[in-house]
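S.K.: Here is how the chains run, residue by residue.
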Amino acid sequence: MQIKESSTVYDVCIVGSGAGGGMAAKTLSEAGAKVALLEAGPMFDSAQGDMFKWPYQSPRRGAGTHRPFGEFDAAFGGWDIKGEPYTRVAGTQFDWFRSRMLGGRTNHWGRISLRFGEKDFKRKSVDGLGDDWPISYTDIKPYYDRIDKMIGVFGVNHDRSLGLDNEPDGHFLPPPKPRAYELLVKKACDQLDVPVVPSRLSILTRPVGKRAACHYCSQCNRGCSTHSNFSSPSVLIPPALETGNVTLITNAMAREVLTDDEGLATGVSYISKDDNMEYVVKAKAVVLAASACETARLMLNSKSSRHPNGLGNSSGMVGKYLMDSTGGDLGGIFPQMMDGIPYNEDGVGGMHMYMPWWIDNQKAKLDFPRGYHIEIWGGRSMPSYGFAGGIQGYNGWFTEGGGGERPEGGGGYGAQLKNDYRRFYGASVGFSGRGEPVALESNYCEIDPGVVDQWGIPVLRFNYVWSDYEILQAKHMQDTFEEIIHTMGGRLLWNKAGKESNYGLHAPGRIIHEVGVARMGKDAKKAPVNEYCQAFDCKNLFVADGASFVSMADKNPTWTILALSLRTSEYIIDQKKKGNI
Amino acid sequence: MEKPKNGMDRRTSLKYMGGGAAALASLTWVACESPEQVAENPEHQHAVREDYELSEADQKLMEQEFFNEHEMQTVTVLANLIIPADDRSGNAEEAGVPEFIEFMMKDQPWHQTGMRGGLRWLDIESLRQFEQTFVSCSEQQQKQLLDQIAYPKSAKPEMSQGVNFFNNFRDFVATGFFTSKIGIEDLQYIGNTANNWQGSPPEVLQKLGVSYDDVDGYEFA
Numbered sequence: 370m371q372i373k374e375s376s377t378v379y380d381v382c383i384v385g386s387g388a389g390g391g392m393a394a395k396t397l398s399e400a401g402a403k404v405a406l407l408e409a410g411p412m413f414d415s416a417q418g419d420m421f422k423w424p425y426q427s428p429r430r431g432a433g434t435h436r437p438f439g440e441f442d443a444a445f446g447g448w449d450i451k452g453e454p455y456t457r458v459a460g461t462q463f464d465w466f467r468s469r470m471l472g473g474r475t476n477h478w479g480r481i482s483l484r485f486g487e488k489d490f491k492r493k494s495v496d497g498l499g500d501d502w503p504i505s506y507t508d509i510k511p512y513y514d515r516i517d518k519m520i521g522v523f524g525v526n527h528d529r530s531l532g533l534d535n536e537p538d539g540h541f542l543p544p545p546k547p548r549a550y551e552l553l554v555k556k557a558c559d560q561l562d563v564p565v566v567p568s569r570l571s572i573l574t575r576p577v578g579k580r581a582a583c584h585y586c587s588q589c590n591r592g593c594s595t596h597s598n599f600s601s602p603s604v605l606i607p608p609a610l611e612t613g614n615v616t617l618i619t620n621a622m623a624r625e626v627l628t629d630d631e632g633l634a635t636g637v638s639y640i641s642k643d644d645n646m647e648y649v650v651k652a653k654a655v656v657l658a659a660s661a662c663e664t665a666r667l668m669l670n671s672k673s674s675r676h677p678n679g680l681g682n683s684s685g686m687v688g689k690y691l692m693d694s695t696g697g698d699l700g701g702i703f704p705q706m707m708d709g710i711p712y713n714e715d716g717v718g719g720m721h722m723y724m725p726w727w728i729d730n731q732k733a734k735l736d737f738p739r740g741y742h743i744e745i746w747g748g749r750s751m752p753s754y755g756f757a758g759g760i761q762g763y764n765g766w767f768t769e770g771g772g773g774e775r776p777e778g779g780g781g782y783g784a785q786l787k788n789d790y791r792r793f794y795g796a797s798v799g800f801s802g803r804g805e806p807v808a809l810e811s812n813y814c815e816i817d818p819g820v821v822d823q824w825g826i827p828v829l830r831f832n833y834v835w836s837d838y839e840i841l842q843a844k845h846m847q848d849t850f851e852e853i854i855h856t857m858g859g860r861l862l863w864n865k866a867g868k869e870s871n872y873g874l875h876a877p878g879r880i881i882h883e884v885g886v887a888r889m890g891k892d893a894k895k896a897p898v899n900e901y902c903q904a905f906d907c908k909n910l911f912v913a914d915g916a917s918f919v920s921m922a923d924k925n926p927t928w929t930i931l932a933l934s935l936r937t938s939e940y941i942i943d944q945k946k947k948g949n950i
Numbered sequence: 034m035e036k037p038k039n040g041m042d043r044r045t046s047l048k049y050m051g052g053g054a055a056a057l058a059s060l061t062w063v064a065c066e067s068p069e070q071v072a073e074n075p076e077h078q079h080a081v082r083e084d085y086e087l088s089e090a091d092q093k094l095m096e097q098e099f100f101n102e103h104e105m106q107t108v109t110v111l112a113n114l115i116i117p118a119d120d121r122s123g124n125a126e127e128a129g130v131p132e133f134i135e136f137m138m139k140d141q142p143w144h145q146t147g148m149r150g151g152l153r154w155l156d157i158e159s160l161r162q163f164e165q166t167f168v169s170c171s172e173q174q175q176k177q178l179l180d181q182i183a184y185p186k187s188a189k190p191e192m193s194q195g196v197n198f199f200n201n202f203r204d205f206v207a208t209g210f211f212t213s214k215i216g217i218e219d220l221q222y223i224g225n226t227a228n229n230w231q232g233s234p235p236e237v238l239q240k241l242g243v244s245y246d247d248v249d250g251y252e253f254a
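Residue numbers (this note's numbering), protein chains in the order written: chain A, 370 to 950; chain B, 34 to 254.
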């Protein structure tokens, strides 16, 4: 087999085009660097998505047969990708979501854009668990500030009296007005001392640059025809390409990082999914932003005499301290929302209000160390596949005022049932907790010694077990959701999860916030990369995705990935100027 | 919108050539516009199409047959009993529910056994009670049988398989009907369109007993 090697030597080769890779490509190319940008999936422009489609424009009515979040979802890929397996150590669980496309998982997420706060960088100092980051909020604040302005995010700076002191201020576009049911949530939560505040989403409520403001069709997850929400191919890749300095290579599945006799990175080898051939792209520096675990896989698969444990892994910590956000959900039905008044309740594609973590775990003497935020969903959204599933579980409730006579129990058929569907449509509101796990060395990914993918690349084997910290946190979520639903005057849409199901705690990987596995630190013996995400063992190798996270806040990681990538990219420029790399 | 080469606009722009911070500064805030101006922003291009083209794979599924004629007849009768026509909208058949269920059996084959077996269960129970298949029964007899399986709480234990089948079937009918054009209109879902969100209307706020006064400390878009 021939390996095709171009004579071009790029200044930087970036693997991955999502939040981290897109930001690195933009920053480095704008500074004049010649960049090769490898993406394992095809081209994608969210303007070409399925926004505005109706479910009846498909014979499966939008069912998620081929995509986990429904047929019209923009993200290609999922937890299972043909030809790209992964394995798990017996008795452990981790479900690995990958998007193979330009922009990766930035095409998928809910655009919840939260800064980590001061405490989030110093958790060990707060509660003695895990480790502190080698940087503080002050180090990263300027980058968050620039990203807010560059990309656009709506929200508000919180009133100090709410006590949300771990939720830093930002530069916000005005948030959309709350939906009526979100005000109902707030009214109940005011009684429970749970703050309900405008959410922070990277969706434009005012035009920014060439991008138009949101037109409130609510279908952000399908891609945006006007690039009004944030995704890497909408916001970061175009300016990078406009510099003329970026060579974008799609359908390029990275195999390994190549090194020279000195142990320095010299480029990346990859398989082209277009012609199934092997290629090498040469570069003076390599930035891995392939998604945390894919980055760890590349490092571990890049073995040489200088790097026998994998590239940048003399600490043995590559793959360790894998984290995903905790997740739990509960929904309710509310009689005052039944027989709703028809109107366009779409708004932005996501919640207009949410609840940041509001409790001090130590002072409140909670039996778990880390917090969670609560996301709100419900209302008169577009009917979709799965509409009113399991109605027999609840349509016998609230029969007064139009419910009519029926035999005992829910369900039924005919005119009564048809009317029930109408009455209950838009009357539910649900809550999803998304919280912080504790970073544990025992949660990791490693190379499976016996399994390769369809290109012969050794695959990852996961080992992840939730600890009691996360399980007890999930219990607190369920109790809180129940209390809110009852205070709002509703009934639980399904049974509250109990001990036997870890209180509804989703399996690791299901919240799709994988971080860790190449964490930053001050000590090369304990961490693969330094505070600039530069490998201790290989000074021209950098990580720019979630791999460098030391701990996971109760917040979505994207804003922090962007900030770290921007900081790392400018560090690369600085080091280049100084002749250090 | 013109289909961009290489997936996006690659016009070279000199203002991005400065590098570093200068380039970043070129992407700064645009002065806030009033909501009316935003709604009319000329960059908005909304191509709304109601038709659809089947992919090759879906076309193949369409051409396959899962239900035989009798089964399809049973599915249609049953679906129409679950969602009949009334003064607001048509029945399940008019919403294309039988075709939708037929497609899902092929698209998600793991439903096949339960569906086929459930339809057969219905016929056997119908033969037992009325000495004819379900579709041959009078509507009164059909309803008499449904009354035994459509209300899980009061159903007899020996009908549990029928109850389970009917719960699943009802879910398929609900999705099929309420994701159809007539079903969406019946529900009066008003959305999936470009607009300018200005909050919930006063009558909705009043119905829920809430007010924007509760959030008057905030400045909204």
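Any given hint could turn out to be false.
Stated by the list, open to error - Estimated spans, in silico, between C-beta atoms of each pair:
#1 Ala459(A) x Gln239(B): 37 to 45 Å
#2 Gln106(B) x Gln462(A): 22 to 30 Å
#3 His435(A) x Asp120(B): 36 to 44 Å
#4 Gln462(A) x Glu89(B): 53 to 61 Å
#5 Asp246(B) x Ala733(A): 38 to 46 Å
#6 Gln194(B) x Gly819(A): 17 to 25 Å
#7 Gln194(B) x Ser530(A): 55 to 63 Å
Stated by the list, open to error - A short list of chain A residues far from chain B (calculated; beta carbon distances all over 10 Å):
#8 Arg430
#9 Arg469
#10 Ile481
#11 Asn713
#12 Gln761
#13 Gly783
#14 Tyr838
If you're looking for bench data, these hints aren't it; they were derived computationally from the structure. The C-beta atom is built at its ideal place from N, Cα and C for all residues, glycine as well.
S.K.: Each hint needs a verdict: does it hold in this structure or not?
M.R.: Checked hints:
Judged by the Cβ atoms, the range 37 to 45 Å given for Ala459(A) and Gln239(B) is violated: they are separated by roughly 58 Å. Taken as a hint, the range 22 to 30 Å is violated for the pair Gln106(B) and Gln462(A), whose Cβ atoms sit roughly 45 Å apart. In this structure, His435(A) and Asp120(B) meet the distance hint of 36 to 44 Å, their C-beta atoms being roughly 39 Å apart. For Gln462(A) paired with Glu89(B), a C-beta distance near 36 Å fails the hint of 53 to 61 Å.
Look at Asp246(B) against Ala733(A): about 31 Å separates their beta carbons, and that is not inside 38 to 46 Å. Roughly 43 Å separates the CB atoms of Gln194(B) and Gly819(A), a value that falls outside the hinted 17 to 25 Å. A hinted range of 55 to 63 Å for the beta carbons of Gln194(B) and Ser530(A) is consistent with their spacing of about 59 Å. The Cβ of Arg430(A) sits about 4 Å from the closest Cβ of chain B, inside the 10 Å cut-off, so the non-interface label is violated.
With a least CB separation of 15 Å from chain B, Arg469(A) remains clear of the 10 Å interface cut-off, as annotated. The beta carbon of Ile481(A) sits about 17 Å from the closest Cβ of chain B, which is more than 10 Å, so the claim that it is off the interface holds. At roughly 5 Å, the least C-beta separation between Asn713(A) and chain B is not larger than 10 Å, which violates its mark as non-interface. Interface exclusion of Gln761(A) from chain B breaks down, the closest Cβ pair being 5 Å apart, not more than 10 Å.
The claim that Gly783(A) is not at the interface with chain B is violated, since a C-beta of that chain comes within 10 Å of its own (minimum 6 Å). Consistency note on Tyr838(A): stated as away from chain B, and its beta-carbon is indeed over 10 Å from all of that chain's, at 34 Å minimum.
Of the numbered hints listed earlier, those contradicted by the structure are 1, 2, 4, 5, 6, 8, 11, 12, 13.
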